[in-house]
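Chemist: Each chain, letter by letter, is given below.
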Amino acid sequence: MILNEVIWLPRKKINIWPYLLIAPALIIVLAMVLIPAVNAVLMSFQSYDLTRPSRIGFIGFGNYIQVFQDKLFWQSLGKTILWVVFGVGFQFVFGFILALLLNKKFKGRGAVRAVSLIPWVTPGVLIGLMWKWIYDGNYGVLNDILLKLGWIQDKIPFLAQKSTAFPSVVVTIIWQGIPFFALMLLAGLQGVPGELYEAADIDGANWFQKLFRVTIPSIKSTIFITTLLRVIWVANSVDVIFNMTAGGPAYSTQTLSIYIFNEANALNLGYASSMSIVLTLLLLCVAIPYLKNIFKNQEA
Amino acid sequence: MKIKSKKQLFIRIAVLYLPLAVLLLFLLFPFYWTFVTSVKPDKELYGSIVTYWPQNLTFESYRKLFFDFNFLQPMYNSFIVATITTLLSLVVSVLAAYSFSRFRFKGRKAFMILFLTNNMFPTVLLLIPLYAIMRNLGILYTPMSLVLSYTTFTIPFSVWLLNGYLNDLPISLEEAAMIDGASRVKAFTKIIFPIVIPCLIATGVYIFMTSWNEYTFAVMFTNESNRTIPVALKNLIGQLGVQWDLLTAGGIITIIPVCIMFFFAQKRLVEGLTAGAVKG
Numbered sequence: 001m002i003l004n005e006v007i008w009l010p011r012k013k014i015n016i017w018p019y020l021l022i023a024p025a026l027i028i029v030l031a032m033v034l035i036p037a038v039n040a041v042l043m044s045f046q047s048y049d050l051t052r053p054s055r056i057g058f059i060g061f062g063n064y065i066q067v068f069q070d071k072l073f074w075q076s077l078g079k080t081i082l083w084v085v086f087g088v089g090f091q092f093v094f095g096f097i098l099a100l101l102l103n104k105k106f107k108g109r110g111a112v113r114a115v116s117l118i119p120w121v122t123p124g125v126l127i128g129l130m131w132k133w134i135y136d137g138n139y140g141v142l143n144d145i146l147l148k149l150g151w152i153q154d155k156i157p158f159l160a161q162k163s164t165a166f167p168s169v170v171v172t173i174i175w176q177g178i179p180f181f182a183l184m185l186l187a188g189l190q191g192v193p194g195e196l197y198e199a200a201d202i203d204g205a206n207w208f209q210k211l212f213r214v215t216i217p218s219i220k221s222t223i224f225i226t227t228l229l230r231v232i233w234v235a236n237s238v239d240v241i242f243n244m245t246a247g248g249p250a251y252s253t254q255t256l257s258i259y260i261f262n263e264a265n266a267l268n269l270g271y272a273s274s275m276s277i278v279l280t281l282l283l284l285c286v287a288i289p290y291l292k293n294i295f296k297n298q299e300a
Numbered sequence: 001m002k003i004k005s006k007k008q009l010f011i012r013i014a015v016l017y018l019p020l021a022v023l024l025l026f027l028l029f030p031f032y033w034t035f036v037t038s039v040k041p042d043k044e045l046y047g048s049i050v051t052y053w054p055q056n057l058t059f060e061s062y063r064k065l066f067f068d069f070n071f072l073q074p075m076y077n078s079f080i081v082a083t084i085t086t087l088l089s090l091v092v093s094v095l096a097a098y099s100f101s102r103f104r105f106k107g108r109k110a111f112m113i114l115f116l117t118n119n120m121f122p123t124v125l126l127l128i129p130l131y132a133i134m135r136n137l138g139i140l141y142t143p144m145s146l147v148l149s150y151t152t153f154t155i156p157f158s159v160w161l162l163n164g165y166l167n168d169l170p171i172s173l174e175e176a177a178m179i180d181g182a183s184r185v186k187a188f189t190k191i192i193f194p195i196v197i198p199c200l201i202a203t204g205v206y207i208f209m210t211s212w213n214e215y216t217f218a219v220m221f222t223n224e225s226n227r228t229i230p231v232a233l234k235n236l237i238g239q240l241g242v243q244w245d246l247l248t249a250g251g252i253i254t255i256i257p258v259c260i261m262f263f264f265a266q267k268r269l270v271e272g273l274t275a276g277a278v279k280g
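For the protein sequence lines, the chains are A and B, in the order given.
As numbered in this note's numbering, the first sequence has no gaps in its residue numbers, which increase by one up to the final residue, 300.
As numbered in this note's numbering, the second sequence has no gaps in its residue numbers, which increase by one up to the final residue, 280.
Bound conformation, chain A alone (with noise of 0.2 angstroms):
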């Protein structure tokens, strides 16, 4: 690499320059993020109920016995596959498509791919709020609009009933995260070079022959990290769903998160803790794939 020989390698004596330079980021991550995440399995290991605080104490792996015993923790994480392989994939095909068509030239392309990116910037809580108006069962448009259209008779509550709430939940996740994969795909887009195409011109490939050949191939790995780490941010959501339904009607889409939060809010911090515990560890497995391309590109 061209870098190391016109840097101030450190010869023999250590410099403390860079170390001092990381040490305010670093203190303050440690502090932040590290303590509390072994505060967080210290009390995975504890009775730990604010609303019973005459029996906060270590119980072993008590909280993880009732963990796996519990049947809504085992229906909350099918949920949480579910509202992560649909809401993923859909944002996927959703904003592959949206990179595929910004990626052709036209007039106020960079006008629309800014505002295209708004979903992105707007608060969770807001999504919600603003889903949960559209989904209204008296007064929501999308009823109306499906009156309109003679697709259905009656008004839906889409999200009152367990047969509709879920699906629509992941309708608005999959809104909020097109912008994300669009803009990451296309930065994608734009690096493959022109001359594969014009060799997959002259052999006479079409244009499906051409997404699966060559662009598809071109930018797997930005397809690939970007994917991944929507999976983690999608199965960490809380604001979304906690805003629209809290995880109702009947824990229909009560994903891992969203029971996590509301124990915690319940007080029950220890359980809480320990399902995070569980939650995390199963993320680690998603992300270690997404580690390891890391670790290979910080080689240097």
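No lab work stands behind these hints: they were computed from the structure.
Take the hints with a grain of salt, since some may be wrong.
Listed below are the simulated PhoX-like cross-link pairs for lysine-lysine, each with C-alpha atoms no more than 20 angstroms apart in a straight line [to be verified]: (1) A:K71 / A:K220; (2) B:K6 / A:K107; (3) B:K109 / A:K104; (4) A:K220 / A:K296; (5) A:K105 / B:K186; (6) A:K107 / B:K267; (7) B:K109 / A:K105; (8) B:K109 / A:K292.
Assemble the complex: chain A is given as a structure, and chain B must be docked to it using the hints.
Modeler: Chain B alone, transformed into the frame defined by chain A:
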């Protein structure tokens, strides 16, 4: 591309403009609907016919929000929290990013990975112990508790972003200055700093936006006097059942500052965000 024939124009509409219009409609309609709701009088809002543009335009809900519900207070709180978070994160992040970008030292890789993997921790994992820590420190229900918790995700992210920007700057710039007798500090403040100001602004906008929008920590770490906008929005529901005109008006007020900042910074922010993923 020049459009030569009717057929070409037709194809272009079918494969570009039409799908683009459908996607944009899906992405932007909720905002339109939020705005329209906020300027409708109650009668139209809860009438039997849904109107797609108000017959009687009214800004009553905005007036109520500011005068009856003192919405300026949460706006002010959010502004304070977001500003302090931005300044604190930027200062410590730019130092760390400079170190990662310009020095090769023992443990560099381990430290970088520590920063990069930070956003892997679920918010809900940190939430509970941080609540206890803030309470013990006596800063629960103060802006400082939010500032400190927000740095858990803003610092790692900013370090990553700024490191990318700095790596793109040739080292020869500082070298030349240092050969001419400038100290390292001087080389940084006189040469590097002015060049990276736009990147600092873009990163700052991102930090400001995330702090402004954050809800999960805010709902647990604030009380009535220092609650931030997202919490205030949600609380409007608790106070008066659901009044959609007020809620949507509050929503519009919430996103306007964010959108303005975002539009100014978006080009460089997008460059910074995507550079990592594309190169990586």
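Chemist: Hints numbered earlier in the text: which of these fail when held up against the supplied structure?
Modeler: 1, 3, 5 and 7
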